[in-house]
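Could you fit the two chains together into a complex? Lean on the hints.
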Amino acid sequence: MELISFFNYRKKSTVSKAKKGDKEAFLGLIDENRLNLYRVARGILKDKEDIEDALQNTVIHSFEKISSLKNDEYFRTWIIRILINECNEILRKNKRVMHLDDNTDTEIYSDSYENMDLTRAINSLSEELRLTTVLFYFEDMSLKDIAKILKIPEGTVRSRLTRARIKLREVMSEVEV
Amino acid sequence: MMQVNDELFDGEIRKKIKDEIKYIPKDINKKIDDAVNKVKKRKFNLKKVSGICIICIFGTLLLGIAMPTYAGNIPFIGSILEKLNYKNYEKYGSDLNISKESNGLKVNINKAVYDGLEITIFYTVKSEKPMESEPNFIGAKLKINGNELNFPGGGESGEISDDKKTYVGVLKYTVGLSKMIWQNTKEKEKNNEDIEISNEFVLNLDIDKIGVGKWTFDIPVTVDKINDKVKESKCNIDLRNGYNINKIITTPINTELEGILKDGKTDNEFLQFYVLDDKGRHIIDERAETYIHPDKEGNSHEYLSYMYKPIYDDTESLTFIPYTDINVSSDTDNSIAAKLNLKGETTLYSDDGKEYATITKIETINEKTKIYYKSQYGVDVSPFDIKNNKTGEEIIAFEDWQKNAEEILYRSSSDEYVVTCDKAITEGDYSIKMIDQSKSIEVYNNDKFTIKVK
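Chains as they are written, first to last, in this note's numbering: chain X, 1 to 177; chain D, 1 to 454.
Same shape as in the complex, but just chain D (with noise of 0.2 Å):
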């Protein structure tokens, strides 16, 4: 479960880490080199060759359009909402523009988006030098109107540019943890780290980083451009175990399924929940954080917060599938596999004798192919990868996990999950590959609950 410092003790760690490695010892490298020169060079062919044409053009195309958005110094946060699949904040963001210069590194705030549940900060940093390594603002105090937020959860990521003097980044703070217990505790029972988050604050950043330099942000966040999005939806579903589901919050950027534990059932398996909107598409989980408040009182409630990414606009319901992860296993090489009967069903079994899923019919319409399976281990069965025996052609990946998990998609009607692929499988001879989790994870089917969201 998720503690009060781990954010704090994870970017310790992360930290520390990089300190304690930041070189390779010379006769590892040369290892390294060694090898290097070992690969052989390999020749075209006619194909590859017109590749690189469509490259090259592609490449002036990029180039005559990028260099001069840059050169005029007009603000690029678009390029990186695109990049790191931040497209949906771009309209819902405060242009800010908040510059700040420490040792020779100038931070600027671009812009900054709230919807209540999370605080994305989109930022850039730029060095007369090239950076040594890609900066980050782990350790960096958190405070809304000045009061310290002691447990935002959240994450980094950023791109560097080639010549190491450009840093664009996203921080994110979820705030919506904070928010329920604030809600959902009464006035006797709020610990003095418990702060009120409303719809508009102040956020003061201080990043103090020895030796790299020291900035300090007061960024107005405001939910106003979201807010009228915004649905909240409250609710009582009694689950396994104590876990109470009270409410759900959808905005244009998250999805969060809220709930609780009461007093001395804290100590449970963790359930989570896979999630299919009412046209069967899988709504992908981001993460899960849990809290425990221990109340004046003394009773400690454990508050529950599930993200999901965001629902489509013409989505209904949603439907929730809980699962539990049941055992940690210590052999990662747990695949299965069977020849793919292409006319016919293929079911794959699990060491114990167990059908684990079933390949009701494979479809292929204009080169693209539809497969169509049956288990109870849901949208968990993908990612499986089905190969050409006689060729050794990938017709899917695993590398293709993240695009095949967004596009599962569930059939009601047949209780079938379909998973397609941009490749034909018409005949020949096909073996299919897949994880099997029957050990790993318990799916309760049997209790899954649909909450209307429109």
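Chain X extracted, bound-state conformation (with noise of 0.2 Å):
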């Protein structure tokens, strides 16, 4: 009706088109949602390599399987479930592979951003929190949204963002916010 629907529409049809399979409009998703996969891939993995397999199976995972996307709607929220789930294979082949090799030290990251004190004391959580907290700090998503996506009820997301808090606190005491 009003300038909202078209927003909407507008938005709707990109991912309507790239469902059909039309690359370019894959590609426009791919460009408007960039950043927020690769700060999502950033607070989640700790080792570049592992950044640029997860981004890239995402990318690859997301356009073979868009088709299967229900509602146009949720394109963003469905696209970093998907960097999720391949962030998590990635933790668990990793976790595979310490066990074999007890003397495989990941190295952490380094990139060329000087600094990044929140974004390495989030990679420094256990992995559960790490989920959490990289979807409800770097995606801005409600606790529903991240019960939905990690498949874990909302009052687990809760206790767990408080956990978070808590270690958040401390490194942000050392460093001031």
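Take the hints with a grain of salt, since some may be wrong.
Lysine-lysine pairs mimicking DSBU-like chemistry, simulated, CA-CA at most 30 Å apart [to be verified]:
1) D:LYS16 with X:LYS46
2) D:LYS452 with X:LYS23
3) D:LYS106 with X:LYS93
4) D:LYS18 with X:LYS93
5) D:LYS16 with X:LYS17
6) D:LYS31 with X:LYS23
7) X:LYS151 with D:LYS229
8) D:LYS225 with D:LYS452
9) D:LYS390 with X:LYS151
10) D:LYS30 with X:LYS46
11) X:LYS151 with D:LYS361
12) X:LYS65 with D:LYS209
13) D:LYS129 with D:LYS165
14) D:LYS129 with X:LYS151
15) X:LYS167 with D:LYS15
16) D:LYS31 with X:LYS46
17) X:LYS144 with D:LYS309
18) X:LYS65 with D:LYS387
19) X:LYS65 with D:LYS279
20) D:LYS18 with X:LYS48
21) X:LYS65 with D:LYS129
22) X:LYS93 with D:LYS439
23) X:LYS93 with D:LYS30
24) X:LYS144 with D:LYS129
25) D:LYS129 with X:LYS17
26) D:LYS30 with X:LYS144
27) X:LYS19 with D:LYS387
28) D:LYS172 with X:LYS167
29) X:LYS48 with D:LYS279
30) D:LYS26 with X:LYS144
31) D:LYS225 with X:LYS65
32) D:LYS164 with X:LYS17
33) D:LYS209 with D:LYS106
34) D:LYS368 with X:LYS65
35) X:LYS19 with D:LYS279
None of these hints come from the bench; they were simulated from the model. This structure is a prediction, so every number in the text was calculated from the model and none was measured.
Shown next as structure tokens:
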């Protein structure tokens, strides 16, 4: 009807085109979400190659599966969920590698950013806290949406966040937010 | 538990994180481009092409209606409400249109809605140049009649235009908890930060974002337009672990359950509730907030505020089923599955062999299928997915979670829950998969209680 419907139409239309195999439309969607995808991957994974793998796999798998996306409006949530699955898969594989070779010491990715105290702090959280924290702070997701993506009850999301806050407060008190 | 400054802390963290990662390193960007180049173009089929035609016609209709509205600069707040699920808010708010400009960014406060529990501000931001990112008011100072409000909960949501020059947003501040504390504490127990939030006040919003701009607004807020539809009922329900529920408030846009945990009991597991109305409809929870308020004598009481979606016009009572989060599991892959028996029951078991849920009946009428189930985990059994094993088609997908959660029905006569989907399940080989919540939550079905709201 009015302006917002027009925005909405445009977005839906791009997703709709991508679902029909339009590569340009798909590229547009990836471009729109590129930085968010990187932030999420960077928050969850520590190793540069792992981040690259997760992002590449997400792009490929999301294109393969896009026709299964039911509601065009949820593209971003949907692709973040694919990315989370890819990150989980990499973390699982890494765990197996660690068992085989206990001396493997994954080097924490040091990129061109100089000031990444918080990202590093989030990287240092346990896996379960990290996933919740990344979605909450990087993606501004509601507890309900996080619960949906991670398939855990909302109460669990809430308690994980409470624990993450305690840790982040500790870290941030040292570096000053 | 929600601390006094969690909202502020979250805002700071969000801002800092985004400041830390503002771009993608070149080599990683290239890897993403490589992946995009790998994807192969698919072929259209006839059915899909006809779909495109329909979209084009629809698009023309939309453009025809949308653009003159925009060009004429008629307030488009109604569409924001609809898009962001705020359509109920439209008739209860005051149209304001207060504009301030700073640093080339024009912020217009379009509308304020207040139901005594939550202040909702609808606003637009316009920029001559495309905005680098979606604007936000995180860290804005909030005052009510000049007194700083220390612990508002809430959030922000919005939508930016394709040209990045217009942003329409919604700010929400929950004040129910602050009001509850003011009302429940005696004068001698009140602390300096406690302020009275009346039915009519001026909300001072002070936005000062370094490098972005500075705006201050005095927004008149009143409960007048909604007040005759707000209903408060007192109750006194004692629950496990010292929880006491003492009030329910229903408004056309919110439902709030209030309670208190008396001094010394604040370390308990947090009790939450599934809510069903007398017609069996699920009233979805929005959020829960608690605030530990030490009085001047040093006794700390924990005030509880549970917010839910609004009740239906014909809802007469609400039943609350308590549950707690019992365990934080690191295993996010806790799904259980079974072959779906279309003629009889299908039971799914937890890995400890205990019955988790039983699908009691599958009923397809007019291309819609109703899935009946019984489980002590109630509405939390949904979302589940049902898949056709031969074609791979998802009859119900996890992505339908929100829809299913909203439409789930409880039939008290048979103690069954019903999920409806828009596809037929008549014959064939299907499987059902759900997430086993039995290690994560404990549901206290025997402690459920009902409160009349009409």
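Here is what the structure says about each hint:
Taken as a hint, the D:LYS16 and X:LYS46 pair is honoured in the structure, with Cα atoms around 19 Å apart against an allowance of 30 Å. The suggested pairing of D:LYS452 with X:LYS23 is violated, with an alpha-carbon distance near 55 Å, which exceeds 30 Å. This hinted pair does not check out: D:LYS106 and X:LYS93 have alpha carbons roughly 50 Å apart, beyond 30 Å. Between D:LYS18 and X:LYS93 the CA atoms are separated by roughly 29 Å; this keeps the pair inside 30 Å, and the hint holds.
Restraint check: the Cα-Cα separation between D:LYS16 and X:LYS17 comes to about 35 Å, which exceeds 30 Å; the hinted pair is violated. Of the supplied pair hints, the one linking D:LYS31 and X:LYS23 holds, its CA atoms being roughly 17 Å apart against a limit of 30 Å. For the suggested pair X:LYS151 and D:LYS229, the alpha carbons sit about 37 Å apart, so the restraint of at most 30 Å is broken. Annotation: proposed proximity of D:LYS225 to D:LYS452 holds, straight-line Cα distance about 24 Å (limit 30 Å).
Simply put, D:LYS390 and X:LYS151 have alpha-carbon atoms about 26 Å apart, close enough for the 30 Å limit, and the pair holds. A hinted pair counts as satisfied when its Cα atoms are at most 30 Å apart, and D:LYS30 with X:LYS46 qualifies at roughly 19 Å. Note on X:LYS151 and D:LYS361: the hinted pairing holds, with a Cα-Cα distance of about 25 Å set against a maximum of 30 Å. In summary, the hint linking X:LYS65 to D:LYS209 is not supported, as the alpha carbons are separated by about 41 Å, beyond the 30 Å threshold.
For the hint pairing D:LYS129 with D:LYS165, the CA-to-CA distance comes to about 6 Å; that is within 30 Å, so the pair holds. Taken as a hint, the D:LYS129 and X:LYS151 pair is broken in the structure, with Cα atoms around 40 Å apart against an allowance of 30 Å. For the given pair, X:LYS167 sits about 18 Å from D:LYS15 by alpha-carbon distance, which is consistent with the 30 Å threshold. Between the alpha carbons of D:LYS31 and X:LYS46 the distance comes to roughly 17 Å, so the proposed pair stays at or under 30 Å and holds.
Between the alpha carbons of X:LYS144 and D:LYS309 the distance comes to roughly 13 Å, so the proposed pair stays at or under 30 Å and holds. At roughly 15 Å between alpha-carbon atoms, X:LYS65 and D:LYS387 fall within 30 Å of each other, so this suggested pair holds. Of the pairs offered as hints, the one joining X:LYS65 and D:LYS279 is violated, with about 38 Å between alpha carbons and a cut-off of 30 Å exceeded. Using a Cα cut-off of 30 Å, the hinted pair D:LYS18 and X:LYS48 holds, with the two alpha carbons roughly 19 Å apart.
This hinted pair does not check out: X:LYS65 and D:LYS129 have alpha carbons roughly 36 Å apart, beyond 30 Å. A distance of roughly 25 Å separates the Cα atoms of X:LYS93 and D:LYS439; the hinted pair therefore holds under the 30 Å criterion. Taken as a hint, the X:LYS93 and D:LYS30 pair is honoured in the structure, with Cα atoms around 24 Å apart against an allowance of 30 Å. The hinted pair formed by X:LYS144 and D:LYS129 fails the criterion: a straight-line CA distance of about 34 Å is larger than 30 Å.
Between D:LYS129 and X:LYS17, the direct Cα distance comes to roughly 28 Å. Compliance with the 30 Å bound is thereby established for this hinted pair. For the hint pairing D:LYS30 with X:LYS144, the CA-to-CA distance comes to about 34 Å; that exceeds 30 Å, so the pair is violated. For the suggested pair X:LYS19 and D:LYS387, the alpha carbons sit about 21 Å apart, so the restraint of at most 30 Å is met. Among the hinted pairs, D:LYS172 with X:LYS167 is consistent with the structure: their alpha-carbon atoms are about 27 Å apart, no more than 30 Å.
Of the pairs offered as hints, the one joining X:LYS48 and D:LYS279 is violated, with about 54 Å between alpha carbons and a cut-off of 30 Å exceeded. Taking the CA atoms of D:LYS26 and X:LYS144, the gap is near 34 Å; set against the 30 Å cutoff, the hint is violated. Of the pairs offered as hints, the one joining D:LYS225 and X:LYS65 is violated, with about 47 Å between alpha carbons and a cut-off of 30 Å exceeded. A threshold of 30 Å between alpha carbons decides the hint, and for D:LYS164 with X:LYS17 the separation of about 21 Å falls inside it, so the pair holds.
A hinted pair counts as satisfied when its Cα atoms are at most 30 Å apart, and D:LYS209 with D:LYS106 qualifies at roughly 14 Å. A threshold of 30 Å between alpha carbons decides the hint, and for D:LYS368 with X:LYS65 the separation of about 25 Å falls inside it, so the pair holds. The suggested pairing of X:LYS19 with D:LYS279 is violated, with an alpha-carbon distance near 39 Å, which exceeds 30 Å.
When held up to the earlier numbered hints, the structure conflicts with 2, 3, 5, 7, 12, 14, 19, 21, 24, 26, 29, 30, 31, 35 and fits the remainder.
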